[in-house]
Amino acid sequence: MQKNKLNYGIFLIFILFLLISQMIEFEMGKVITDNFLIFAKDMLLILPPAFIIIGLFEIWISREKIENSFGSTSGFKKHIYAILLAATTVGGTFVAFPVANSLYHKGADYSSIFTYITSASLVMIPMSIMEASIIGLEFTMLRIGLSLPLVVISSIWLNKLFVKLEYKLPTDV
Amino acid sequence: MEYLYIIMTILLIISVIFDRGKTWKAIRRGTKKLLKILPNYLKILVLLALIMSFSENFIVEYLGGQNILLGSLLGIITGSIVMMPGFIAYPLAGVLLARGVSYTVIAGFVISLKMVGVVTYPVEKEYMGVKGTIYRNVASLIITFILTFVMGLYYGEVLF
Numbered sequence: 039m040q041k042n043k044l045n046y047g048i049f050l051i052f053i054l055f056l057l058i059s060q061m062i063e064f065e066m067g068k069v070i071t072d073n074f075l076i077f078a079k080d081m082l083l084i085l086p087p088a089f090i091i092i093g094l095f096e097i098w099i100s101r102e103k104i105e106n107s108f109g110s111t112s113g114f115k116k117h118i119y120a121i122l123l124a125a126t127t128v129g130g131t132f133v134a135f136p137v138a139n140s141l142y143h144k145g146a147d148y149s150s151i152f153t154y155i156t157s158a159s160l161v162m163i164p165m166s167i168m169e170a171s172i173i174g175l176e177f178t179m180l181r182i183g184l185s186l187p188l189v190v191i192s193s194i195w196l197n198k199l200f201v202k203l204e205y206k207l208p209t210d211v
Numbered sequence: 008m009e010y011l012y013i014i015m016t017i018l019l020i021i022s023v024i025f026d027r028g029k030t031w032k033a034i035r036r037g038t039k040k041l042l043k044i045l046p047n048y049l050k051i052l053v054l055l056a057l058i059m060s061f062s063e064n065f066i067v068e069y070l071g072g073q074n075i076l077l078g079s080l081l082g083i084i085t086g087s088i089v090m091m092p093g094f095i096a097y098p099l100a101g102v103l104l105a106r107g108v109s110y111t112v113i114a115g116f117v118i119s120l121k122m123v124g125v126v127t128y129p130v131e132k133e134y135m136g137v138k139g140t141i142y143r144n145v146a147s148l149i150i151t152f153i154l155t156f157v158m159g160l161y162y163g164e165v166l167f
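If you read the protein sequences in the order shown, they are chains A and B.
Heads up: the first sequence is residues 39 to 211, going by my numbering.
Heads up: the second sequence is residues 8 to 167, going by my numbering.
Read the hints as simulated data drawn from the structure, not as lab findings.
Built from N, CA and C at the ideal position, the CB exists for glycine as well.
The reader is advised that the hints may include incorrect statements.
[Unchecked claim] Now the in silico label distances, taken between C-beta atoms and shown as ranges: (1) Thr126/A with Phe94/B: 34 to 44 angstroms; (2) Ile14/B with Glu102/A: 41 to 51 angstroms; (3) Met8/B with Lys41/A: 41 to 51 angstroms; (4) Ile149/B with Lys202/A: 15 to 25 angstroms; (5) Lys138/B with Leu122/A: 43 to 53 angstroms; (6) Gly47/A with Phe152/B: 34 to 44 angstroms; (7) Val102/B with Asn106/A: 41 to 51 angstroms; (8) Lys198/A with Ile88/B: 23 to 33 angstroms; (9) Ile88/B with Glu102/A: 36 to 46 angstroms; (10) Asn74/B with Asn42/A: 43 to 53 angstroms.
[Claimed, not checked] Computed footprint of chain B on chain A; a stretch qualifies when at least three of its residues, placed anywhere within it, have a C-beta under 8 angstroms from a C-beta of chain B: (11) 76 to 90; (12) 151 to 159; (13) 171 to 178.
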């Protein structure tokens, strides 16, 4: 709680700085304001619906269902599910972190959630289409095709490591 | 992004039809979770606004250096630290490409941008724990190096 207050305080000071920059026509401050507005629009508007959907997910979806699709007994298909879920997660990693935590507490294992988080930004469909149109389809196909196998392999490896360490993700966040 | 609001509305309507009480519980849980983590998101927002204001010029100026190894390394470092929405990152990559920057450097930048997130640490550590965050990012960084190298080979830019 104390830490939250500090963070809000810093944020308020920052906003104040942006406002003053506008008033005294401070060039650097204006550039920062422009950047801030771009990111704020992208991030803050996505959070409320994302968290409501996470709330619905936690209340409605049974543990059994998640264990069957993303749990340690689910075999290789959990990686396919994780990648499909990642491809359709609006908001990329920002939204993927809380979703991954919820999945974990519903019985998903480490390898599914690591595959999910890392591929959330890698394969996001709208972003990949944009990338292909600007940099080239070949580049995008190559990047996705090469990265997914490596992401899955590293997730399996991290899973082994974390099981051995008996690592637990934070609860109640 | 509008889609997310549409999806949320549809899900809420379905949820209310089945169980009004559960729907309220879900909304309350979602709101509580959001309020708890919001300061961390705001912190990232401030960091990003500051970093981007200094780094956009830096990226355009320096990633196009003559040396491909140095360029890729700088690309990966910048990409690892910052995090950008695609509608900023890709036009930027397009500018670099138009300036003749090699695919290898762009690959390093784009891939690390997506996979490694130093600036998102305040949020990631809350959900994944400190160890989970660090291990995932280190693994992602290693993958970024491998991928950048392989893409460099593919485009015939590495190894002359």
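field: 41 to 51 angstroms as the expected CB spacing between Asn106/A and Val102/B, which holds or is violated
entry: With a Cβ separation near 47 angstroms, Val102/B and Asn106/A satisfy 41 to 51 angstroms, so the hint holds.
message: Can you tell me whether the CB distance of Lys198/A to Ile88/B sits inside 23 to 33 angstroms?
response: At roughly 29 angstroms between Cβ atoms, Ile88/B and Lys198/A fall inside 23 to 33 angstroms, so the hint holds.
message: Given the hint of 34 to 44 angstroms, is the C-beta distance from Thr126/A to Phe94/B inside that range or not?
response: 18 angstroms, violated
message: Quick check: does the Cβ-Cβ distance between Met8/B and Lys41/A fall within 41 to 51 angstroms?
response: 29 angstroms, violated
query: Has the hinted range 34 to 44 angstroms been met by the Cβ atoms of Gly47/A and Phe152/B?
result: 39 angstroms, holds
Coverage assertion for the region 151 to 159 of chain A with respect to chain B, Cβ distance below 8 angstroms, three residues required: Holds, because 4 residues of the region 151 to 159 of chain A bring their Cβ atoms closer than 8 angstroms to Cβ atoms of chain B.
query: Asn74/B and Asn42/A, beta-carbon distance inside 43 to 53 angstroms?
result: About 45 angstroms separates the Cβ atoms of Asn74/B and Asn42/A, which means 43 to 53 angstroms holds.
Coverage claim, chain B over the region 171 to 178 of chain A, checked by counting residues with Cβ within 8 angstroms (three needed): holds (count 3)
- prompt: Does the hinted range 43 to 53 angstroms hold for Lys138/B and Leu122/A at CB?
  reply: For Leu122/A against Lys138/B, whose Cβ atoms are near 27 angstroms apart, the range 43 to 53 angstroms is violated.
field: Cβ distance range 15 to 25 angstroms for Ile149/B and Lys202/A, holds or violated
entry: Roughly 19 angstroms apart at Cβ, these two residues keep to the hinted range, so it holds.
query: Does the hinted range 41 to 51 angstroms hold for Ile14/B and Glu102/A at CB?
result: Distance hint for Ile14/B, Glu102/A is violated at roughly 24 angstroms.
- prompt: Taking a Cβ-to-Cβ distance below 8 angstroms as contact, does the region 76 to 90 of chain A have at least three residues touching chain B?
  reply: holds (count 14)
Hints 1, 2, 3, 5 from the earlier list are contradicted by this structure; the remaining hints agree with it.
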